[in-house]
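*Asks:* Given chain Z's structure and the hints, the job is docking chains P, U, A and X onto it.
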Amino acid sequence: MPLWWPLLLASLLFALGVYGVLVRRNAVLVLMGVELMLNAVNLNLVAFDAQLRDVLHAGQTLALFTIAIAAAEIGLGLAVVLLVFRTHGHVEPARLTSLADRDVE
Amino acid sequence: MTAVVLCLLGRPVLTAAVVLAVGHRSPHTVRGAAVAGSALCWLLAVVVAGAHLGDAAPLRRVVVETASVGQPLGIVVWVDPLSCVLLLLATTVSLLVQVYSLGYLARDPRYPSYAALVSLFTGAMATVVVADDLWMLLVGWELMGACSYFLISHHWELPEARAGAVKAFLVTRTADLGLLFGILVLGERFGTYRISEILSDLAAAPPMRDALWLPALLLLVAVLGKSAQVPFHTWLPDAMPGPTPISALIHAATMVAAGVFLVARMHPLFLVTPRVLTLLAVLASVTMVLAAAYALVADDLKRVLAWSTVSQLAYMFGALAAGAWSAGVLHLLAHGAFKALLFLGAGAVVHAVGSTSLSRMGGLRTALPHTFAAMTVGFAALAGVVPLVGFFTKDAVIGAAWEEARDGRLLWPWVAWLLVAAMLLTAVLTVAYAMRAWLLAFFGPTSPEHTGRAPHDPPATMRVPLYVLMVPSVLGGVVVLDPAAVLGPGGGADLLHGAEALTTTVLVALTGLAVVLLWRRRGRAVWPAMTWPHLPVDVLVERGLVRPVLRLAQVVRAGERDVVDAYAEGTEASVRGVGRLLRRTQTGRVQSYLLVVVVGAVAVAVLAGSLA
Amino acid sequence: MIGVLEVLVGAPALFAVLTLVATRRDDALAVSVALLGAVATALWSLVAWSRSGDAGFGATEVDRSWVAALDLRWHLGWDGISGPLVVMTTVVLCCAVGSLLRQPPSGGGAGRLAALLLLIEAGVLGSFLALDLVLFFAFFEVALVPMWFVIDRWGDATGRHGVELRRKAATRFLVFTVTGSSLMLVGFVLVHAQAGTFDIVALTSSYRPDGPVGLAAAVLVALGLAVKAPLWPLHIWLPDAHATAPTVGSVVLAAVLLKLGTYGFVRFWLPLTDPGQGVLVPVVAGCAVVGIVYAALACLAATDLKRLVAYSSVGHMGFVVLAVCTFTTTGVQAAVFASVAHGLITGLLFFLAGTVKQRYGTGDLRRLRGLYGRLPHLAGVVAFAAMASLGLPGLAGFWGEMLTVRAALSPAPDLPRSTFVVLAVVAALGVILTSAYVLALLRTLLQGPAGAAAPVPTDLDEPGPDAVASEWAVWSPLIALTVLLGVAPGLLLTPVGRAAVALVGQG
Amino acid sequence: MGPLVQAVDWLAVATPLTLALGAALVLLADAFAGTVRSGARRRPAPCITLLTVVVAAGWALPVWRDPRATFCVDLERGPWVCSFEADRLTVAVWAVVLFGTAVVVLLGMTPGAADRTPSGEWGFLLLSSAAGATTLAASRDLVTLVVALEVVSLPAIALVGLRRGDPRAAEAAIKLFLVSVVSTAVTLLGVSLLYGATGAVFLDGIAAAVATGTAADDVVVTGAALTVVGLAFKVAAVPFHMWVSDTYVGAPVAVAAYLSVVSKSAGLVGLMLVLGRGLPGLVDVWAPVLAVVAALTMTVGNLLALRQRHAVRLLAWSSVAQAGYILVPFGAAGATGSSVSEAFGASLAYLAVYAVLNLGAFAVVALVDTRHDRQLLVDYRGLAAQEPGAGWPLAFALVGLAGVPPGIAGLLAKVVVIDAASGVPWLAVVMALNVAVGLAYYARWLREVVRPASSADASTYDVPLGLGAAIGMTLTAGVWFSVVPGWLLDPLVVVLGG
Amino acid sequence: MTWVGAVFWLLAAVTLGSALLVVTTSNLVHAALWLVVTLGGVAGVYLLLAAEFVAWVQVLVYVGAVVVLLLFALMLTQAPTGPHDRPGPARVLPAAGVATLVAVLLASTVVAGFHGVSIDLDAAVVGSAEQTGETIFRRWVLPFEVLSVLLLAALVGAIVLSRLRGEER
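Protein chains in written order, with the numbering used here: chain Z, 1 to 105; chain P, 1001 to 1612; chain U, 2001 to 2507; chain A, 3001 to 3498; chain X, 4001 to 4169.
Only chain Z is shown next, with the shape it has when bound in the complex (with noise of 0.2 Å):
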């Protein structure tokens, strides 16, 4: 297989991720967009290491890593999701707008 077909994936993948962060207006929506660039990630470093046949496993180990990570920012992500809910009432992120920087003369 062409190391550059799984390649070609994980960009597209990672750009509707992008696409998805910047156009959603739901935050837990935002946070779709950055799990699927994560898995682009991951994508590009399982490739990588099946093309490398790396010894130290550097690539699994790390796309291992990346979902521990992603799970880990979901859960503090969601937390704060659930926070802004509370205390704002809503979830999207285009309305926080309380603190751009407008106090000035």
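Bear in mind the hints are in silico, worked out from the structure with no lab data behind them.
Please read all numbers here as calculations on a predicted model, not as lab measurements.
Treat each hint with caution, since some may be false.
Restraint-style ranges between C-beta atoms, simulated for each label pair [what the hints assert, rightly or not]: (1) U:V2425 / P:G1010: 32 to 38 Å; (2) P:D1562 / U:D2063: 49 to 55 Å; (3) A:V3484 / U:L2484: 58 to 64 Å; (4) A:A3031 / X:V4004: 51 to 57 Å; (5) P:R1584 / A:A3453: 34 to 40 Å.
Derived DMTMM-like pairs (lysine to aspartate or glutamate); straight-line CA-CA distance at most 20 Å [what the hints assert, rightly or not]: (6) U:K2168 / P:D1562; (7) U:K2168 / U:D2304; (8) U:K2168 / P:E1065; (9) U:K2168 / P:E1569; (10) U:K2168 / P:D1565; (11) U:K2168 / A:D3204.
Using N, Cα and C, we set each Cβ at its ideal position, and we do this for glycine too.
*Replies:* For chains P, U, A and X alone, kept in the frame of chain Z given last:
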């Protein structure tokens, strides 16, 4: 002797300091100190002159100098006969003026500063004449100008005094740039700033004509400015609002004559640059006639005398241009005496009448007999009546010019002839304006405007100087018979010229006769009061220089705000503007931040890729 | 072991702290402490002079490593170039602090003001004595914030937008100066990259600017110093700063702080610059001369007394920079002499301007008239200072300008002579314009008829007393030194000349 | 094949390990104390936290004298490589991190903050994050580096949101969270590309692959660029800076201080490791890019700070600008023959000085926050007169940050940085101009601080012990570094650079 | 094209298609469900690439935990605006532009950089659980330990943030 000279230089400064320090607290002390200081100066000058007049070896002494790289600066004195005679002239007139001022400014609250400035001026003049170092000369030279400025504006409440003072200072200071650059160029050419060394170099080395015209010309500019010659002639008449004793001291006898002194001092330099001398001759010719003509029509007695001074100074320059060093110097001395006499006399008249306008005088000979006598002597000396001093010195000058015209050693021939013609014409005009002023002031009907005031002769303090000055005005001619006795070996022999003397005498007599006849026939109406509100040169300067400069100043002021400041304001505004713009991007919407993050990441990657 | 020069730098700083402590108790006491400090520093500067000897940096030189990471050395030295400026600084500071004793600033807080002045003095003395570029830079910056405070806190805030204008003036002073000094620092590090040292003595003896980097360093250093000096067209922070600063602030700013710029030009810009490289030196000289003429014209049109004096400083500093640009011994002599003379004369002028402003409540030249009649003594001193300022021979102002012209007529061989001759002539014409505005000033301010032109409010009719003894005490050292240096320029020219030879070689 | 589990040099890892164990201990102790003496105001958490930091710092000392490495593996080709290396660069960063953490702990000890934040969790999160930062500084492979980076970030996000009933804190937290995770994703992508292109995750391995030319160049460059993003986000370099002011303003002051110093240091050391250790062969590529980034960062930061009236926001943007200065030596690395480590020495020196001064400023801000939580500059009016113990330290910190005396430390730090940039004159000039802009806004604040107090505000502050200690610590350090700058600069610049 | 290729492209199509739906569908719950499909597709690719353990972890952790968490979050934060997320063109266009940019950059880089390199799947060591565990504990102890700190910290952080609710004033 060096110590005496230094005392001579330092004493006036000390006097000035004492006078200023005492100030108003003790008027008598001030007056005493001022006169005593001047007297001491005079005594010291006499001592110095006694030692160095005539054939005695000149005194040259380095008092102090900078021990540094390049050409050293320092206080270096050089006393020769020329210094001596000018010292005598300056200190004498200064002393007389101080005495005279006791009466003239008897009730003037500004006397302390006045006396201090006169004293300071004397010191400055002494510095100029004894200086060997050109920079020392420059210090004295400009200090004189500053004193002159303050003294002209003594009556600062008068607008014309303020204007005249500023004009005098600015014009002379502009011209002084010539001296500054002249000194610098001389220093560069000769490797020294010592006059004596420069002169001995000139005597030793073959003339370097091409190399020296520039410094000579530059010095000439300064000289023309200081001595109010064309084209700088307009400041002197305007300086007349100053107190009359000041006019006598500074604007007749000494400071304006410093220009002549400088040419005389540096005469060897000018002698090797005939083109500059020729220029001087031309300017002197123009000046003497022009100034005499102005004197003939001026209404103000002091302005008549001022124009006369300009004209007479031009005589001296004419003599020096013609190579007649001693004639020029002697006429300087003679003029110093009789013009001081005339000004002090005029001061007495003004003191009595309360005005300087000739049209407001008339018939004063009975009311002011002493003054009348003094003025008569003065005018006669000015006109060159035999056997007063003016006759001898003017004759020596005209004779020298005539010789130059005949022999043609220095000047272009036609210029020499022009000079002679101008001198003769000026001699005639001099008689005419002298008689006019004399007649208008002292003869004819009494002016109706001062009938109530009962003019009277001045007090003794003012009369004594008049008498003192009458002595050299009458008897000074003897010097001409043996100038070497006074001026040393450079003075030359007998300066009398028979033919020329006869010619001038005849001219003087004829002119005098004509004037008297006219006066007999028409009285005061002969001379309608003509006032020339603005001299053409002044108009030119006003329109071509002063106004543009002032306009430029306004432009600069506006430009400072709107143009030069613009870069600062512009930078500030653009910095602020960009800051505001950037702050607009801080919308608080996190996804726009993320957009920037992603775009930034791509940009960094692309940038790095393009560099790889 | 603390050296003589370290004491000289440290004393004002120490007394500044003591003054601050004393302010807690009493302002008058604090100012007295400060005055004591200023006088002690001045006396100690004489000690330092006598200990330093005449040749080179003498016995008082201190040189030890401070921060090895930066090649930064604690290197202080006194020679003929720094010495006169140090003495001048201490004298002016005595006068400035002394003046606070009887004329406290309008906003109060005389003690703190005095402490700030002493801090400035410490920084300035350190700069003059520093023989390491970064050390110079550090000391250079010491004076910055205190001066900013002086303007911002005690500045004149009369008028409708007074406070805003004052802030603007203070901030502009700060930003301009820091921009300049930061660029100068960049120039220093470029030199460091080339020469491997920040030591001024080593640079003077062995550094040869080379290539575009060398030129860039020279340009940057020139820029930084030009802001401080200030050189046209970077001067625009100056008039506002002066017009708003309190009297002592203006005095210190003009007499002392500007000298940091000119001193830098002499001390290290000369060794860091190759006069033959590019047109840098002629351009700087040209700016200096434009500044001379421009400042004179600006003075002619000025309507505020302090602003006029401020612009006149621009002109005088133009002479100094022109002198430096000749790269000759005479030029260096001229620059140092003119710097010292300007310090004395302009210091005096600002004191006088402050007094006039205090008596009349305004510095508006359109309203001030006839000082001769009202306050003759003050007017007399003004006339004296004005004459000194216009470069009257026999007073201190003359020699610097004369030597500048002399140097410009025969610049270093690498420089275009004809250009410099033209510059010299134009500079000399600037002297005439200078005379013109000084005379115009005297004519209206001193001699003008009271209230003739402009409608004069009644407060101008009662100006208060003529010069009082405390003011005379402040002015007289400056007057005396102005006369002394005018009469005996050799006092200064001789030591400066020796140091100058070390700097630019014989010629 | 070696033993089943890698051998560990416990002294090398003592510092991060202490922090991690301390974190757990704090959590437990607080929970225990909370149950035993419910409602008691005195809780052991802050003290234990502080003690942990001190002990961790103590472990760092022997390591500075004797650098060591652990978690090593033997590759089939080449020498042993280690995941964890505590060299002097690392220990220097540890020092900054630990100093910063200690000050932040003290800042968190205000009564108001203690009421609104659960102190056990606060200590736990802080120490976890610090453990991550110390590990990051010691990590020598990309896997550890990325994980450590996350350990720095996630607790910090929780800390930002950790204030009860404050919608602004929640807003700040979610913003920081989103930017953080996206940056992390980008970084991970970069790491994956680097791994793919070089076949290595160990920094030395990457360096070797780049040096021998076995790597695909374009991919390496792209991977490096993307890797840098997550680190640059932590450093708050432009264009990854936009979260800064929102987060700092919304977060508790102590957390803002933490983000501006400790988190920034972590990002910075990450950059040093990836670029300096992993990609020294590509210095000609990354140095110019970072030069541009540095120039943009300081300029944008300063321009944004220029007219701020809000103290924390001003400090936020100023910290961005300062990050730009810190990055300047990166931009000049490799120019005119200077070594990369010389440049990093300069950056670290600046970082250290910045940390001290910036924490000093934040300490006083935290104090003022106890009374004026709107944090406008006018709230500082007359502070020096009213509360000299706070006003003057703030004034000192501000002049130091501006880089003018008496803040000699700040001044010399700027000299160090500009000196390091002498190979790239344009960057030095940009920095010089920025210093001037910076001074303009520090001066505006300074003006408020030192102006005479109005009588209305004459009452003094009630200074909590922790804040007092924090102010004292930072002031002492700042003054000490100003008086004896060589004490700080010589080791950092000379030892690291040489 | 071998069967591997066919399977890969099939999985790729499924993955990308569902990913597109994740980011475009307006229904929140549908988005989460499409995410499950995407993650499954990716897991399939892992299996293809001989990363067996990673694939199982992917399914267990992601599909089993993360997506459930996300669904819970969606339920808990059901905003009054309803379950729909329809961004306007002002959001879509820049986002699409940037996403395209990213896609082009990445795709061109990897395709150009790894053109001609292929994965020898036959020689690949299958990443079984045993194999991977050994690697981790032999080689990657440090990041693993650090990761444990991370997970603990995230856990505590999440808990403390959620618990704040009860103590609100």
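*Asks:* Does each hint hold? Answer for all of them.
*Replies:* Hints versus structure:
1. U:V2425 / P:G1010: 32 to 38 Å: holds (35 Å)
2. P:D1562 / U:D2063: 49 to 55 Å: holds (50 Å)
3. A:V3484 / U:L2484: 58 to 64 Å: Given range 58 to 64 Å: violated, Cβ gap about 43 Å.
4. A:A3031 / X:V4004: 51 to 57 Å: Since the Cβ atoms of A:A3031 and X:V4004 sit about 53 Å apart, the hinted range of 51 to 57 Å holds.
5. P:R1584 / A:A3453: 34 to 40 Å: At 36 Å between Cβs, range holds.
6. U:K2168 / P:D1562: Answer holds: U:K2168 to P:D1562 is near 17 Å, not above 20 Å.
7. U:K2168 / U:D2304: holds (18 Å)
8. U:K2168 / P:E1065: violated (49 Å)
9. U:K2168 / P:E1569: Holds. U:K2168 to P:E1569 sits at ~11 Å (cutoff 20 Å).
10. U:K2168 / P:D1565: holds (13 Å)
11. U:K2168 / A:D3204: violated (54 Å)
Hint compliance for this structure: hints 3, 8, 11 are broken, all remaining hints hold.
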